[in-house]
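**Q** Residue numbers (this note's numbering), protein chains in the order written: chain A, 78 to 186; chain G, 78 to 186.
Do not take every clue at face value.
It does not matter which identical chain is used: a pair holds within one copy or between any two.
Said to hold, decoys possible - Straight-line distance between alpha carbons at most 27 angstroms, and here's what the computed BS3-like set of lysine-lysine pairs gives: (1) K149 with K178; (2) K178 with K146; (3) K159 with K178; (4) K140 with K178; (5) K160 with K178.
Think of the hints as simulated: they come from the structure by calculation, not from any bench.
2 protein chains.
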Amino acid sequence: MAEIATTPNPPYYAVIFTTVASNNSQGYAEMAERMVKLGQQQPGFLGIESARSDLGITVSYWKDLESIKNWKKNAEHLQAQKKGRSDWYAAYTTRIALVEKEYSFSVDG
Amino acid sequence: MAEIATTPNPPYYAVIFTTVASNNSQGYAEMAERMVKLGQQQPGFLGIESARSDLGITVSYWKDLESIKNWKKNAEHLQAQKKGRSDWYAAYTTRIALVEKEYSFSVDG
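Put together the whole structure using the sequences plus the hints.
**A** Right, dumping it as structure tokens:
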């Protein structure tokens, strides 16, 4: 996850997931890793970027709304979401957004 | 910036700015702080969220595309962008996205 996601030409969708962690991180790292692996296997998955300091921000990219809906209701993912609310997060906001433009810079050209 | 942004009901815009830092961070922290302050004063600014670990992810929220265009060409911001490419970033991607849905959770209710 330490790389900028390589995404196709817009339009495509972004799910911006911003979190404030609770004081209970038991089991969190394993679940987060598992959700990334599982998410990557879903139809319509395009990429993921993640960073954490005071806030956590994870942005996942998807082909369309249908792909996001299917992933949201994945059984194992639903369990993780429930555990997120009961244990790991003090607060979070999820935003579903249509990416209209994308531009990149790299020193490598 | 350690709080989840409080944004109005969608639709509104998000600028997702994902970065890989170079080995040169001289002057970066001061400029980043200055850009947040300056950005907050721009017409149409709605909020900002930022996190950094291997990747840096900053998401700023805006009323409309016009506000984003104006901020992009702000003179002081243009200087910062130039310095970002010459000094601070090995790579970055900027994505402009229309937020269509937003939902939040908080243990405080």
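**Q** Would you mind marking each hint as holding or not holding in the structure?
**A** Right, here's what the structure says about each hint:
1. K149 with K178: Both: 25 angstroms inside a copy, 14 angstroms across copies.
2. K178 with K146: both (23 angstroms within a copy, 12 angstroms between copies)
3. K159 with K178: between (33 angstroms within a copy, 20 angstroms between copies)
4. K140 with K178: both (14 angstroms within a copy, 16 angstroms between copies)
5. K160 with K178: between (34 angstroms within a copy, 23 angstroms between copies)
Of the hints listed earlier, there is not a single one the structure fails to meet.
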